[in-house]
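Given the structure of chain G, go ahead and fit chain C with the ligands onto it with the hints provided.
Spelled out, the chains give:
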Amino acid sequence: MDKETLVSYIPLYRDALLLTLKIGWQGILFSFVIGLIGAAITHFKVKVLKTIVGIYIELFRNTPLLVQLFFIYFALPKVGVKITAEACGVLGLGLLGGAYMIETFRSGLESIPIIQTESSYSLGMSKLQTFWYIILPQAVSISVPGLLANVIFLLKETSVFSTISLMDLMFTAKDLIGMYAKTIECLFLLVVFYLIMLLPVSIIGALIERRLRYAGFGD
Amino acid sequence: MSELLKVTHLHKEFGKNVVLKDINLTVKKGEVVVIIGPSGCGKSTFLRCLNGLEELQDGVITVDGLPVEANKREITKLRQKIGMVFQSYELFPHMSVLDNIILAPLKVQRRNKEEAVREATELLDKVGLLDKKDYFPRQLSGGQKQRVAIVRALLMHPDILLFDEVTAALDPEMVHEVLETMLALARSGSTMLIVTHEMAFAKAVADRIVFIDKGEIVEETTDVADFFKEPSTPRAKKFLSTFTYE
Ligand SMILES: Nc1ncnc2c1ncn2[C@@H]1O[C@H](COP(=O)(O)OP(=O)(O)OP(=O)(O)O)[C@@H](O)[C@H]1O
Ligand SMILES: [Mg+2]
Chain G
376 MDKETLVSYI PLYRDALLLT LKIGWQGILF SFVIGLIGAA ITHFKVKVLK TIVGIYIELF
436 RNTPLLVQLF FIYFALPKVG VKITAEACGV LGLGLLGGAY MIETFRSGLE SIPIIQTESS
496 YSLGMSKLQT FWYIILPQAV SISVPGLLAN VIFLLKETSV FSTISLMDLM FTAKDLIGMY
556 AKTIECLFLL VVFYLIMLLP VSIIGALIER RLRYAGFGD
Chain C
10 MSELLKVTHL HKEFGKNVVL KDINLTVKKG EVVVIIGPSG CGKSTFLRCL NGLEELQDGV
70 ITVDGLPVEA NKREITKLRQ KIGMVFQSYE LFPHMSVLDN IILAPLKVQR RNKEEAVREA
130 TELLDKVGLL DKKDYFPRQL SGGQKQRVAI VRALLMHPDI LLFDEVTAAL DPEMVHEVLE
190 TMLALARSGS TMLIVTHEMA FAKAVADRIV FIDKGEIVEE TTDVADFFKE PSTPRAKKFL
250 STFTYE
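These protein sequence lines map, in sequence, to chains G and C.
Numbers given in the working numbering equal positions in the first sequence, counted from 1, plus 375.
Numbers given in the working numbering equal positions in the second sequence, counted from 1, plus 9.
Chain G on its own, in the form it takes in the complex (with noise of 0.2 Å):
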């Protein structure tokens, strides 16, 4: 490997990791949003918009990325919808998190044994009182186990936004290989920058389930 090559290489690398962390975090926000919202609408069991929710959850989850970033980005101008790579890579990486969001939660919400909600219920508190203070405290501290891998899933899935013209991590390693034809130190770079993206977050992740067990709730 040819050490000055690497060093050249360095900050077109860092500024596709920092582009990539950018729409990233965005997306992963939006994903948490709709995570939220549609969690809420299962466990409310509100009439259509959960079957909305539903068929939101099985065309996001079975489809690729990739797929979905083509159909916004290509689509959608067709039809007189224009939108920016950047937003199109937020809102893609947003739909999608927010499918394997809206689960996360949900089965977080499901773990909490309903004579939790009938206790609160008893005080007299009302439906949204109680899914507010009681039952969703205790079903997002749960969760947080599985909304880490989503994330570290969802970062790793950006990768596809080099297809959609992003200079991501991925679109500079593929764009200097074909410039440059150093393949070795291209590739040795991506996975490097990958690791500094994501091992923070993994150790973040163990750290906080750790804390998590230890602090358990349990009785």
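Take these hints with a grain of salt, some might be off.
Stated by the list, open to error - A short, non-exhaustive set of chain C residues, derived as facing chain G with CB atoms under 8 Å:
#1 Leu62
#2 Thr85
#3 Arg88
#4 Gln89
#5 Glu99
#6 Pro102
#7 His103
#8 Ala113
#9 Val117
#10 Arg120
What the hints contain is simulated information worked out from the structure, not anything from laboratory work.
Quick caveat: nothing in here was measured; it's all calculated off a predicted structure.
Note that CB positions come from ideal geometry on N, CA and C, so glycine has one too.
Below, chain C with the ligands alone, put in the same frame as chain G:
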């Protein structure tokens, strides 16, 4: 004395399984009614009906003249009049003892925080748990958790308190502290409906005994001492005999 709780022709079934048949019961203000009966006879279901946690197939329940109906908007108002303590405590595990206690007074009754905290502190002190107010439920023993659950129900100032086998999950040495708390409440004039398997306690605390078997009230009497000496129905006799060892 005025009627606080009135149950007429209550009928409850789960699918084809009839759990409560034509239950009629009136509880007056300040009265302590103890419900006993074999496992599975419908005691818990009965209390859950009173609190609007179950839908009835027939019959009417009123508290203070107002009908208790599950899934109606008014039910949250009614539940404030009815305190309930569960066998498994059901404290909220993610909140401190104090927060558990003041949550509903603040959010439901919109009471002033300072005032709610002051009253919570007084009540915790009374049950000997003031030093635990910042603890989390998992840091408490079963008996302590149950006393917190009782204080939590009390802070809502309910008209009537329902207790469903609140000592059944406790180690024997902790049963006493919880029963003491309940006895003190009874003596202070609280209206209570208690389901229990602690016969000595039932005898001490009850103004009236209601014996339920297979979803029916089989025997009901205010002669509490006589009931435990010599119940008038064979079914009650048989049930009580399971508590003596000869
Ligand atoms: N949610 C439910 N769905 C179906 N059947 C139920 C339900 N809850 C209770 N039952 C049935 O109703 C009957 C009465 O149950 P309940 O819990 O009221 O009895 P119990 O008198 O409280 O018994 P225990 O002393 O063991 O607590 C039982 O046969 C039980 O199987
Ligand atoms: Mg029971």
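Taking the hints in turn, this is what the structure says about them:
The interface hint given for Leu62 of chain C holds, since its Cβ lies 5 Å from the closest Cβ of chain G, which is under the 8 Å cut-off. For Thr85 of chain C, the shortest C-beta to C-beta distance to chain G is roughly 5 Å, which falls under 8 Å, so the interface hint holds. For Arg88 of chain C, the shortest C-beta to C-beta distance to chain G is roughly 5 Å, which falls under 8 Å, so the interface hint holds. With 8 Å as the threshold, the beta carbon of Gln89 of chain C comes within range of chain G, its nearest partner Cβ sitting at about 4 Å, so the hint holds.
A cut of 8 Å between beta carbons decides the hint on Glu99 of chain C: the least distance to chain G is about 3 Å, and the hint holds. A least Cβ separation of about 4 Å between Pro102 of chain C and chain G falls short of the 8 Å threshold, and the interface hint therefore holds. Checking His103 of chain C against chain G by beta carbon gives a least distance of about 5 Å; that is within 8 Å, so the hint holds. A distance limit of 8 Å between C-beta atoms decides the matter here; for Ala113 of chain C the minimum to chain G is near 4 Å, and the interface restraint holds.
Proximity of Val117 of chain C to chain G holds as hinted, the smallest CB-CB distance being about 4 Å (cut-off 8 Å). Using the Cβ-Cβ criterion of 8 Å, the hint placing Arg120 of chain C at the interface with chain G is not satisfied: the shortest such distance is roughly 12 Å.
The structure is inconsistent with hint 10 alone, although it conforms to all the rest.
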